[in-house]
Amino acid sequence: MSLKEKRERSTNFIESELELLVDLVVRHNKVLENKKTDTVAENVKNKIFELLAKQLNSKSLNGYCSEKCLKLKYENLKKTVKIKLRDVKSKPCPTGGGRAVPQNTIKKLSSIQETIRSLNPLAFSGATSL
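Each residue of the sequence shown is one higher than the one before, counting from 6 in my numbering.
Hint data in this document are derived by calculation from the structure and do not stem from the laboratory. Be aware that a few hints might be false.
[Stated by the list, open to error] Computed list of lysine-lysine pairs in DSS-like fashion (alpha-carbon distance at most 27 Å, straight line):
# : residue 1 : residue 2
1 : 73        : 89
2 : 35        : 50
3 : 78        : 64
Based on the provided sequences and hints, a complete structural model is requested.
In structure tokens, the structure reads:
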């Protein structure tokens, strides 16, 4: 991409689109959360995201969204959940002295984020590997 070309921005996701995206991801969770990275698995994941894009765009009121955009949004949602869970775990007992942060000031997970967390509990548990 050259400096003169601007990247085409898509519209922001609205809450109903996020809920629909998460519902569609829940249906195809076994394929999308597969840890294999070979060509066959990646092609299957890409086909699933193409299907998700068609389904989301057919029900969306906000505009068109490509499969690449959906995949990026889903990955960003997972990152956001991990960050919030990390903060919930680390804020109550900070190191270096001082008072603990009150529980009511720590941000809770939304229903969409709770659903994403439930899809792959081991990824968000902070469990140690063997």
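For each hint, the structure was consulted:
1. At roughly 25 Å between alpha-carbon atoms, residue 73 and residue 89 fall within 27 Å of each other, so this suggested pair holds.
2. A threshold of 27 Å between alpha carbons decides the hint, and for residue 35 with residue 50 the separation of about 10 Å falls inside it, so the pair holds.
3. Proposed proximity of residue 78 and residue 64 is supported: the alpha carbons are some 17 Å apart, at most 27 Å.
The structure fails none of the hints (numbered hints given earlier).
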